[in-house]
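Q: Sequence:
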Amino acid sequence: MFETEYQLPEKEGDIRRLGNLQGSARGLLTAEIAAQHPGLMLCITNDSDSAIRLKSEINFFSKETDCYLFSDWETLAYDNFSPHQDIVSERLNTLFKLPQLQQGILIVPASTLMHRVAPTSFLDGNSLIMDQGQTLNLETMRRKLTDAGYHLTETVYEHGEFAIRGSIIDIFPMGSTRPYRIELFDDEVETLRTFDPENQRSLEQVSKIRLLPAKEFPFDEQAISSFKQRWRETFDVDYKRCSVYQDISSGISPPGIEYYQPLFFDHNATLFDYLPDNALILTDTNLEEHSKQFWHDVQERYEERRHDIERPILSPEKLFIPANELFKILKPAHRIQLQEGKTQTKAGRYNLPFQAPPELTINAQDARPLAAIESFLNQTKDSILFCAESAGRREALLELLARIDIKPHQVNDLEQFFNDGYPINICIYPLEKGLSAPGKFHLITESQLFGHQVFQRRRRSKEQEQSDQVIKNLTELNISAPVVHIDHGVGRYQGLVTLQLDSQTSEFLMLEYANEAKLYVPVASLHLISRYSGAGDELAPLHRLGTEQWSKARKKAAEKVRDTAVELLDIYA
258 MFETEYQLPE
268 KEGDIRRLGN
278 LQGSARGLLT
288 AEIAAQHPGL
298 MLCITNDSDS
308 AIRLKSEINF
318 FSKETDCYLF
328 SDWETLAYDN
338 FSPHQDIVSE
348 RLNTLFKLPQ
358 LQQGILIVPA
368 STLMHRVAPT
378 SFLDGNSLIM
388 DQGQTLNLET
398 MRRKLTDAGY
408 HLTETVYEHG
418 EFAIRGSIID
428 IFPMGSTRPY
438 RIELFDDEVE
448 TLRTFDPENQ
458 RSLEQVSKIR
468 LLPAKEFPFD
478 EQAISSFKQR
488 WRETFDVDYK
498 RCSVYQDISS
508 GISPPGIEYY
518 QPLFFDHNAT
528 LFDYLPDNAL
538 ILTDTNLEEH
548 SKQFWHDVQE
558 RYEERRHDIE
568 RPILSPEKLF
578 IPANELFKIL
588 KPAHRIQLQE
598 GKTQTKAGRY
608 NLPFQAPPEL
618 TINAQDARPL
628 AAIESFLNQT
638 KDSILFCAES
648 AGRREALLEL
658 LARIDIKPHQ
668 VNDLEQFFND
678 GYPINICIYP
688 LEKGLSAPGK
698 FHLITESQLF
708 GHQVFQRRRR
718 SKEQEQSDQV
728 IKNLTELNIS
738 APVVHIDHGV
748 GRYQGLVTLQ
758 LDSQTSEFLM
768 LEYANEAKLY
778 VPVASLHLIS
788 RYSGAGDELA
798 PLHRLGTEQW
808 SKARKKAAEK
818 VRDTAVELLD
828 IYA
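Following our numbering, the numbering of the sequence shown begins with 258 at its first residue and continues without gaps.
These are computed hints drawn from the structure, not numbers from a lab.
In this text, a Cβ means the ideal position worked out from N, Cα and C, and glycines have one as well.
A couple of the hints might just be wrong.
[To be verified] Lysine-lysine pairs mimicking BS3-like chemistry, simulated, CA-CA at most 30 angstroms apart:
no., residue 1, residue 2
1, K465, K401
2, K812, K775
3, K497, K401
4, K599, K638
5, K312, K588
6, K603, K588
7, K603, K697
8, K585, K354
9, K588, K549
10, K585, K268
11, K401, K485
12, K585, K599
13, K312, K354
14, K638, K588
15, K697, K599
16, K603, K268
[Said to hold, decoys possible] Using C-beta positions, here's what the derived DEER-type ranges look like:
no., residue 1, residue 2, range
17, P512, L796, 45 to 55 angstroms
18, P779, L460, 20 to 30 angstroms
19, I386, E672, 29 to 39 angstroms
With the sequences and hints as input, model every part of the structure.
A: What follows is the structure, given as structure tokens:
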């Protein structure tokens with residue numbers, strides 16, 4: 258696809274430094290190195306956001322590469338609440354697959370890498386495989402799942418839950434993308450099917466399922482007994498006054514129990530214990546600075562909380578790898594250090610042929626808002642690929658480019674982009690940073706065009722998800738186009754106006770409603786407005802300001818949603 262010139266480390270302790278990795282070049286280079294290296298690669302990023310972005314980039318540049326993200330708990334050290342079950346599920350799935358990976362990429366933030374983890378023997382000894390046709394005792398299965406940390410519920414929605422209804426067992430295994438429905442005939446597993454947790458309907462049939470433990474530590478009677486003994490040996494406090502100890506003794510997993518994890522094991526491990534000897538390690542230039550800062554923050558939080566005799570805490574060394582110990586581990590490894598800026602030209606250092614993505618911001622206030630894009634496309638002879646975040650965003654971008662007579666060829670992925678050979682292309686992918694490889698190609702993302710990006714976080718509720726109808730720039734709106742104000746309903750966009758309020762001049766969007774009523778919305782409140790997504794624009798309604806017409810429409814829609822929910826609940830019952 259795109260080959261650069263550099264050499265990989267050849268012996269233990271070798272470090273190669275690769276510079277000039279502008280935009281999303283880091284993802285492209287990492288995917289390229291993974292294709293050359295005959296083993297596993299560990300990519301250590303400075304923070305969680307960088308890790309998530311790198312994984313997204315790698316998935317874009319290479320579909321064939323197995324790429325895993327070892328997620329952070331997303332809690333601060335010694336917090337009194339536990340990570341989300343989805344996070345634990347992803348982590349357990351990654352830990353289980355690591356020893357079996359012959360080639361691929363593991364991405365981990367520096368702070369997450371410094372957490373000590375369960376020993377490698379834990380998952381091997383606490384995983385279950387269930388096959389169609391095997392015999393199964395319901396009471397034994399209930400006890401095994403409870404001991405493995407699964408939570409018995411009436412209806413299964415999330416990872417780590419199971420439900421028993423007569424001869425049917427529903428379970429959402431950790432590490433699985435779908436929950437499973439196990440149907441018994443007497444004591445024999447008759448069918449195994451996946452099902453949709455939203456509507457509880459069965460889907461396709463499978464022959465076997467693997468059940469990983471629901472937590473990153475054992476929770477059976479023996480583990481609880483060992484925990485209690487180690488607690489009394491570690492803390493010189495009255496355990497009868499310690500809620501954590503009392504909860505564990507009662508078989509309850511209290512919030513924040515993850516920061517007592519070493520008390521469940523004879524010894525803890527690190528993520529390095531899961532890696533093969535020939536693992537190639539890629540790091541960011543500021544790794545040392547970030548790891549030392551994390552260790553400093555952990556020690557500060559320890560000092561703040563160590564004197565609570567009702568909730569004593571473990572010392573940082575038992576829970577985390579100190580920064581100096583981390584670099585002792587990294588010292589003998591085959592290692593590549595990546596940096597955004599240029600590196601000094603000498604042995605073992607290479608500057609790669611990338612450039613910073615061009616500045617192509619659309620300015621709605623200019624007479625020609627798309628002038629920067631138009632100028633860039635006229636000057637370059639390289640292939641262009643626009644990346645839109647979603648199908649709706651792609652259509653909005655196509656409408657914008659049509660104003661300057663640009664009609665990009667639509668492609669599905671990067672491979673089709675290179676194979677089809679069209680000069681200007683567009684695809685759907687939420688790539689955050691663009692890429693410029695002069696003489697080759699340019700990737701242009703929405704963040705380059707609109708100056709910011711509405712990115713979907715890795716975990717968020719459906720109510721929080723951004724709609725395809727979001728407006729990122731006023732150039733997306735035509736005069737008289739129907740728009741929806743969240744508080745006032747459907748009106749028509751009539752352009753920008755400048756008004757003076759309190760001796761300050763500001764810009765407003767002018768929206769026209771029924772009876773020629775005007776509503777002026779500050780440009781800073783653009784997030785309150787979205788495109789009308791109903792029938793054709795000519796059929797869009799026009800609401801009246803100062804009436805309850807819009808609130809009644811919203812109330813009616815909400816009632817329909819509730820009626821549908823009640824109907825579904827009746828079906829489930």
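Q: Against the structure shown, which of the earlier numbered hints fail to hold, in ascending order?
A: As far as the earlier hints go, 14 and 18 are violated by this structure, in ascending order.
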